[in-house]
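**Student:** Construct the entire structure; sequences and hints are all you get.
Spelled out, the chains give:
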Amino acid sequence: MTDVSTKADEPELDEDQEHRPPFWQRLVAGSSTPIGLILGALIVVFSVLEPSSFLDSANARNIATDAAVLLVLATGMTFVITTAGIDLSIGAVLVFSGVVSAKMMNAVGGDNWGVIVVGLVVALAGGLGWGLINGFLVAKARIPAFVVTLGTLGMSLGASLVITGGVDERDVPFKLVTTIGTGRAFDQIPWLVLIAFAVAIFFGIVLAATRFGRYTYAVGSNEEAARRAGIPVDRHLIKVYALAGTLAGLAGFLSLARFSTTTIGGHDTDNLQAIAAVVIGGTSLFGGIGTILGSVFGVFIPAVLENGFVIIGVNPFWQEIAVGAVLVGAVYLDQLRRRSQYQR
Amino acid sequence: MPEPLLEAREIVKSFGRVRALRGANFTVYANEVVALVGDNGAGKSTLVKTLAGVHQPDAGEIVFEGEPVEIHSPLDARRLGIETVYQDLALAAELDAGANMFLGREVMRPGVLGKLGFIDKQAMRARSRDAFADLGVALQDTSAPVATMSGGQRQGIAVSRAVTWASKVVFMDEPTAALGVVQTRNVLDLIGRVRDQGLAVVLISHNMPEVFEVADRIEVLRLGERVARFRRGDVTMEDVVGAMTGAITHDGETR
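The listed protein sequences correspond, in order, to chains A and B. For what it's worth, numbering that gives the first Met the number 0 labels the leading residue of the first sequence as 0, then goes sequentially. For what it's worth, numbering that gives the first Met the number 0 labels the leading residue of the second sequence as 0, then goes sequentially.
Calculated directly from the structure, the hints in this document are not laboratory data. A virtual CB, placed ideally from N, CA and C, is assigned to each residue, including glycine. Careful: at least some of the hints might be erroneous.
So, partial list: chain B residues that the calculated Cβ filter (under 8 Å) puts toward chain A [said to hold, decoys possible]:
1. A98
2. L102
3. G103
**Tutor:** Pasting the structure below:
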C-alpha cells in the first residue's frame, strides 16, 4: 500500500482480487505462455535424447551466445511490431553501425577501454540516426513502415559498402574481442549473453510497466483513439523506431566484438529472423499485443532447434523447415485464440 | 437569458469536394441537455468533432464562456473541460477497461518510480471500478481486454470515461446505439445526473422518443446548417422530423 491510499480503498482492492482471475489462470491465458511451453518441451526432448551433450553447460553457453545478438534486435522489434509497424532495416543498420564503429576505433587507434567506449557511442549513434530517419518518415511523412524500412535497409547497407569499399573491416581492438566478445563474467556467463539479457529485461520492464510501454500498446491498438486521448502519437512512433535503431546499433557493436570483423554479408536475414522470433513469441502483427518475454522464447526456439538437431545428428538444414512450421503454427494458434476470445 | 457556455458560429468544414458544414451554428448552455438531431449526412458528427478538436474548421468561430477560442487538438478541448463519447467509441481494444479510462492521463506510481515513468495500474483499475460502479456499468473483470467485452460494456466504458473527466461539456455521439434496454436506461439516467451536476450534455441521437425524454432543448441540423431549434414542451415529434427533412424551417424563432 502506498501513502496516498486511504482505508476506504482497501476493501476495493480486495474486491479487485476477487474479480480478477487468479495468477495461475492469467499465466495460462498469457500470450507468451504456450510458446514458453513449446520451448520447454524442446529442451526436454533434446535433453532426453542426448543428455550428456545437450545438457552440458558449455552447450547452453553456445546456444545463448548464438542467440544474444538476435535477442537485442528482437527486443527493439517487439516495440515496433506492437505499434503495428515493422522494421526491415535492422540487419543493415547493424552492419552500418559495426562499420562506422570499427572505422572510428581504428581512426582513434589504441587498444584500451577509451577506444572501446568511443566505438560503442559511434555504433549507438549510427543506429539512432537510422532509427530517427525511419521514425520521421513513418510518423510525419506517413509512408508505410514496410516501404520506409525497406528503403533504409538498402541505404544503410549501401552506405556500409561505400565506406568500406565492400571489404570487411577486420581490425578491431583486441581488448574488445577478448572481453565483451568472447570473455565471461565469473568465468561462467559470456558477457554477450549477460548484456543481451540485461537489455531484454530492462526493456521488458519498460514495455510492461511504464507510460512509454502503455503508449506503445495504445498506438498499436488504436492509433486514432490514442490521438484523440491526447497521446503524442507521432512523437511516440519516432521514439519507438529510434529505439529499434539504437538497439540495432548495439547489436552491431556486439557482433563486431564477437566476430572481430564487420561481417557485411552476414546479416541479410537478421530482420526476418527477428520478426519471426517476435511473432513466434506472441506479438501481434496487427499491433496492441506483445511481450518481451515472448520474444525471448521466440529467439531461443530456433536457437535450441538448430543446436539440438546438430547434437542428435539430424541435418541442421531441417532447422529452417522446423522454424518455418513453428512460425506458421504460432500465428495460427494466436488467431484461433483471439477468434474464440474476441467474438461476442 | 444566460450566456451560452459554448457556441459555434457559421462553421464551415469541407472534406475535398464534400461540404459537410456550410455555416453551421450551434449553442450549448450550462446545466442543460441539448439534443443535436438531423438526418444522415446532416453534419452532426462533423460538428461535434470540430468542437472536440478532431477537425479544424475552414471558417467560422467557436466561442467558449464568452471568449473566442481555437480548439486545435483534443488536448485543447480537454483543457476547456470538454469530453466526447465518439460514435466509434475510440477505445483501444487490446487494453483493459482501466487503461482505456485513463488513456492519455495515466496515473503514475508515487515517488521515484513515478518519476521514472512507471504507471500505477492498481490505482487506475481501482478508480475505474469506482466510476463503473457509480455509473452502473457491469464488468466482471476490469483487467480483461476491452475487445473481449460486449458492445454495451464498451459503450459503458466510453461514456464513463467522458463523464468522469468532463468539467463543462460532454458530447455524446449516439451513446445508446449499441445498448440493450437496461443499459440505455442507465445512460439516459446518467445524462440527467450529469446535467444536474451543472454540466452541459450534447446528445446526438436518431431516437426521437429518447431525445424527447432527456433533452431540454433540441437543435436541428440539415445539410450542414442549423435549420431549427426548439424547447422541449413547445414542440411535437412531427415538428422536429419536419425540420430534419426540410419541411419546416424554424431557426432561432423559439428559445
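**Student:** Could you run down the list of hints and mark each one as holding or not?
**Tutor:** Against the structure, the hints come out as follows:
no.: 1; hint: A98; result: holds, 7 Å
no.: 2; hint: L102; result: holds, 4 Å
no.: 3; hint: G103; result: holds, 3 Å
In this structure, none of the earlier numbered hints is contradicted; all agree with it.
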